[in-house]
Amino acid sequence: MLLAFLGSLILWARDATGEPAVTWLALGTGTGGLQIELGLKLDPLSRLMLLVVTGVGSAIHIYSWGYLHADRNRGRYFAGLSLFTFAMLGIVLANNFLMLFIFWELVGVSSYLLIGFWFARPAAAEAAKKAFLTNRLGDFGFLLGIILVWAALGTLSFTELEARLADDPAALGAAASVAGLLIFCGAMGKSAQFPLHVWLPDAMEGPTPVSALIHAATMVAAGVYMLCRVFFVLAVPGSVALELIAWIGGVTALLAALLAVQQNDIKRILAYSTLSQLGYMVLAVGVSGASRDPSVAMYHLTTHAGFKALLFLGAGSVIHALHHEQDIWKMGGLSRRLPITFWTFLLATLALCGVPPLSGFYSKDAIIARTLESGHHGLFALATLVAALTTFYMFRLVFVAFTGPAKSQAADHARESPPVMTLPLLALAVPSVLAGFWGIHRVYGAQYGAEPAAAGSWAQQLVEPFAHAPLAAGAGLAAALMGWLGAWAWYRAALQDPLPARFATVARWLRDRLYFDELYERLIGWTQESLARLADGVDRWVIMGVAVKGTHGTFELLGRLLRLAQTGNLQTYAFVLVAGVALLLFLVMAR
Amino acid sequence: MDDLILIGPELAVLITGLAVLLLDLWAPPSQRKTIGYAAAAVLGVVFLGTFAFLLPEPRMAFGGMLVLDELALFFKRFFLLAAGLVLILAVEFSDRLKAGESEYFALILFALAGMMFAASANDFSILFVALELVTIAFYVLASFQRHRTRSLEAGVKYLILGALASGFLVYGIALVFGLSGTMNFTRLAQAPEAVLSSPLFELGLLLVFVGLGFKIAAVPFHIWAADVYEGAPAPTTAFLAVGSKAAGMVLLLRVLHGAVPALVDRAQPVLMVVAALTILYGVLCAIPQQNLKRLLGYSSIASAGYLLVGVAALNAAGLSAVLYYLAGYLFTVLAAFLVIALAFPNVDSEEIGALAGLHERAPLLAAALALALVSLAGVPPLAGFFGKFLLLKAALAAAGGTPGLYWLLGVAIVGVVISLAYYFGVIRTMYWEPHPPTSPSSPSSPSPPCLAVPTPMRVALWLCIAGMLWLGVMPGSILNLTDLAVQSLAPAVPVP
Amino acid sequence: MSVGLTHYLVVSLLLFCLGLFGVLVRRNLLVMFMSLELMLNAANLALVAFARYHHNLSGQIMVFFIITVAAAEVAVGLALIVALYRQRRTAHVEDLASLRL
Amino acid sequence: METLCFYLFAALAVVCGFLVVANPFSRNPVASAMFLVLTIAALAGLFVLLHAFFLAAVQILVYAGAVMVLFLFVIMLLDLKEEERRSWRKFGLVGGGVAVALIALLMYAALRQSPLGAAGEPRVEGSTAALGELLFRQYLLPFELVGVLLLVGMVGVIWLSKRAVP
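Chains as they are written, first to last, in my numbering: chain P, 39 to 629; chain S, 22 to 517; chain Z, 1202 to 1302; chain A, 96 to 261.
Extracted from the complex, chain P is given alone in its bound form (with noise of 0.2 Å):
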């Protein structure tokens, strides 16, 4: 495990003498229209991609040293864990569609067996298998969209693509909505869009630092670069793919925001998190086809990466801490009791929820600017709306947990994690403060440069966003405190009482409810709770009731009745023979 901090260090030496040069290795070749090499493509945009995942990926190495010091299969975990680096660093460096898919597939593989790392709970064994089956039908979807694009172009590597659509950007022809959403397929599988979304909080099964390495860095962010990656493909003119994808982001956005209030499991609040934000990127690919630059979601899944995956760790220490505790209603006064959990994690709370100067803001900011300037105006109070709601719900997260009286034994005693793994901790509250600063954007700028209407404008907007938008940033930052600033009405107040709102009278606990309605007719609207309850009933019983259970019991159904056929009689298999006999020549000589 330690090799791959290595190999992450040697990798950020590489980085720096800035070569984006194409490697290429023809590993095989074969005849017969079959030719595939195999090789790796750096350029600004995987290189810094490498960056965040070896990053991010060696933090989590270290603290889950400190995190699974009891289990006993600990070396199954990091082989675990290595294979699911490794595999993200083949997305990454994948210079074409088939190598790309390989390791999408091996990516997949290795988050099954991490999720259901603790395989004897059935509820993780479960949770493995939803989030496999849902990813395979996201890649059934990519597998053909790559097969559409491979037939029509001729080609599967990135760099011939794009160079055959510069030439002809009508070579796909009528086919270029269906292989932009096809391929869109697996991202929404893998970076868990609306409808494909339900395996990730159920996901949260798995040991935390697996949480937080599939929802901060890897993973997840794979669809999102993937989308960037073969961006050419989407954005061919008279694509319908980008609208679409726009609009399931940011529905993707509002549905987990929405829910994520509803929760009161730590690790499940940052579940729903991770999916808004991931809903946000996918927006950002998304309207970014007038100005053919994606860069914003990359630049916001760059900070993203950082701060969630500290707020997983926190979350994580503090879950540590309490012996396995995860219900927010049974901690509070946590700040004084783990003091650096609970400063990097409300650093990283502030930055997720766009408050300058931290990384977060500028980001989400270049996201909601970009909806704007394309001409999406529904999409920009969408946006907004979301901004305001991750606000709410984050210092929602923070008054309950972290500050007031403790609610619980454990809550009250707990001690404060031992530094291998505060250190990640501090580690990565470093560029969740300066990744705003730092020049990520340009980094970016350079992949899409070279591209006609990427001029520069974007980038001085990042250095000067209320010049720049002001309308845009302005509407930011007041959805961040209209969100602040309902958290600290009600949940603050809530903090009076002494016991949890949820688990009091039911006397007391119908006055909440009725603050909760009350609260939300102010923001939202009555149908907030209905809908939020729809999206989970929707989650619950269509998608994983019908479509899932459903296909696989008409299978099963299906094979058990084929099955009875064989009967083990002797006679009845020469009777199947003979009448398969009858009938192949009735087929065939019947005409």
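Bear in mind the hints are in silico, worked out from the structure with no lab data behind them. In this text the structure is predicted, and so the values were computed from the model without any measurement. Think of the CB as a built atom: it goes at the ideal place given N, C-alpha and C, for glycine as much as any other residue. What you were told as hints is all true, and nothing was included just to trick you.
DSS-like mimics (lysine-lysine), calculated; alpha carbons at most 25 Å apart, straight line:
(1) A:K257 <-> S:K54
(2) S:K119 <-> S:K54
(3) A:K257 <-> S:K119
Distance ranges between label pairs, derived from CB positions:
(4) Z:R1289 <-> S:D116: 22 to 32 Å
(5) A:A106 <-> S:S218: 33 to 43 Å
(6) P:H362 <-> S:W491: 41 to 51 Å
(7) A:A161 <-> Z:R1289: 20 to 30 Å
(8) Z:T1207 <-> S:F72: 50 to 60 Å
(9) P:V458 <-> S:N501: 51 to 61 Å
(10) S:T55 <-> A:G242: 23 to 33 Å
(11) S:G422 <-> P:F624: 20 to 30 Å
Since the structure of chain P is already known, use the hints to place chains S, Z and A on it.
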């Protein structure tokens, strides 16, 4: 003399088989395993020896009875490799045969000789005799554990249904001969159009297809497969799954493209329908399966379907993909059966549940079986993925002219998706379910006993794993061979 | 009406179908086996007739092979049935169903 | 004369064949075996009519002489009377009948539509010498292979019929 050189590999195999039978008379019982390993070593040498053949163009032998071309060589190497691995497996398995190990080895060798002759067949008489040599050897191999009812039952079922299929085959040969006046493939290819288009000739060919379809276990001639796979001893099943299927396949290719190239277009709809049914049947029946050998039986039916997709594509790429898929299938299935032989010491229960916690008892076995299943499921970067990929790609390339192929493609993809469910079920059992308490007498021991893996088995397992990975990661080298083979079979087949 | 090739083929076809029918309806393994022999004999008749009317002795050679192969098949099959009978005291297909589903 | 012989032998073969598979009076395997011997003998007669003298002899020697004796021997050894006590299976009768009838019909239709060359002009004289020539020259390899096949059969029979060691 030239003729004898051309059938040198077969002769070597036959002589080895006789030598095994004779040596058994003098060798003490303790030396029997050595005989098996020695036979496997000889096969290895013969395998290497086949690379000495340099064939600028196909050579005929025995007055056009046999043809030695790249296709024949490819399959001969394939059979030799498979039989070598099966022999190692059989040696490991021989403790459970109670007696008669040498006879078992010898029968494997004779069946191998039959398959190798089949690979070169250029005449219906050779086709029939070689196929029957294989089949009769397999009747005995399947029922070899005569103290086990299930083994005997498998043998009887295979025998009756096999004889039934032979009956169809023979009648088909009679009709084909009667209409065209020849049994030689080369001369048959020059038969006049009037003969080819007569219904009785077509009927004869269909009956021949029944006989060969039985061998490759294609629906609706598949019905024996699951029972026989389950009941027969593990080495027999492995050889049946790999060797017998490949023998049927090579004969199908020879008849289709060698004897009646003018009729392939008319055969296409039949092939497509059979392929689709076979895939669906195999995949669906495997879902509720609890017995691992039986599961592999159904999976082998599904594989037959995928192979037929390649045949139905009717282009060089499809045939090349068929050969590639078979090569990958060889390593995959043999790896699975090597594990089965070791992991199930109790022959009458091959339930998947008994594999629980295998990764703690024998990590190598668990890893090999997991890799094999992943490869069968068609997950990259293993051989199985690439085989399926090539098959589908070839079918896609040919689909422009025949829209029916799109349907077939759809069925094949659905099959791949469904198959994931049960393959991963097995993997989950191995890795994620705790080992059941071994025996009531020692409940205190926390860790179950480790399974010992003998060195030859270890070598064979690593060979299979290496094969799976090599084929998956570097398909180029083997694809050169398959392309050569396909060109020698049908130089006229269009290259897309 | 003189006897021609078609006549022989009709006889052969009838015998083939009779054998097929026997395999499907008889439940004694031995009788099933006999029916299979009937099918092979039908093919033999067709081959000999074709050889005669097509001026090609190859058909007779094929018959020769078929008879030999059938003999070997019968020998193995009967041995197998005997072995099974020793274990189960039956030669009945319905009693052979431990391998199923 | 030849026509008469053909109809005689053909009728004998078909009727006896029918009695092998579906004897309405007895379902004893011994009866089936005896009728199979008769069928085989009738076929040998047809072979003679087709001038395949050597094959007729082989047919009698190998089939009637060896194979059927083997059958009878096994029947005696096993002492089987069971099937007589069990009733016909309706499904097998009907389903099997339909399938077989379909096959028969299709084959017959194909037979009617096919040009059988110069049918009706028997041309080959069955010379045993010519047959031997062909067998040991052109068909030498399959002939040798049949030898191997018989060896395989022998090994199998010996192994399977030996009493299992306790």
